[in-house]
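Visitor: Sequential numbering of the sequence shown, starting at 123, is according to the working numbering.
Don't take each hint at face value.
The calculated label-pair distances, taken between Cβ atoms and stated as ranges, are [unchecked claim]:
hint, residue 1, residue 2, range
1, Ser187, Val142, 32 to 38 angstroms
2, Phe143, Trp202, 22 to 28 angstroms
3, Glu164, Pro214, 32 to 38 angstroms
For the record, the hints were derived by calculation from the structure and aren't laboratory data. Cβ atoms here follow ideal geometry from the backbone N, Cα and C, with glycine treated the same way.
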Amino acid sequence: MRAFIENFPFSSNRPALAPVFPDYVEEVKLSADTSTLVPLPESARFALFSFDGHVRVRLGTKTTSLSDPRTTSDGSGAEWNPAARRIPEFLPDGVTRPTHLCLRAPAATVGSVSFYA
123 MRAFIENFPF
133 SSNRPALAPV
143 FPDYVEEVKL
153 SADTSTLVPL
163 PESARFALFS
173 FDGHVRVRLG
183 TKTTSLSDPR
193 TTSDGSGAEW
203 NPAARRIPEF
213 LPDGVTRPTH
223 LCLRAPAATV
233 GSVSFYA
């Protein structure tokens with residue numbers, strides 16, 4: 123898997139905004155209002171998202187799911203339409219390693235998740 127952060131001279135600020143094409147991409151077709159799990163590749167440290175519609179994303183495990191959007195007051199909501207995210211070593215509990223991304227869209231949509239080391 124290609125590295126998201128490249129060695130000098132490509133690590134300067136200018137090309138950092140345009141990473142190289144990934145060599146690991148998952149194409150995803152989401153049905154309306156259905157949670158879909160995307161497994162994380164073993165060495166993935168970054169995920170870049172590109173969809174033709176609105177998508178909610180939560181980092182988790184194979185048991186993670188997303189219900190209908192709701193108002194939260196405890197920080198448990200999912201993120202809408204992230205562009206790129208770093209994949210941490212552990213989930214917020216500090217013990218569990220993330221293994222999957224959980225995605226859900228209000229309407230059918232297609233897109234891709236690109237992974238980088």
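Visitor: Indicate, hint by hint, whether the structure satisfies it.
Guide: Outcome of the hint check:
no.	hint	result
1	Ser187 x Val142: 32 to 38 angstroms	33 angstroms, holds
2	Phe143 x Trp202: 22 to 28 angstroms	26 angstroms, holds
3	Glu164 x Pro214: 32 to 38 angstroms	21 angstroms, violated
In the structure shown, a violation is registered for the earlier hint numbered 3 alone.
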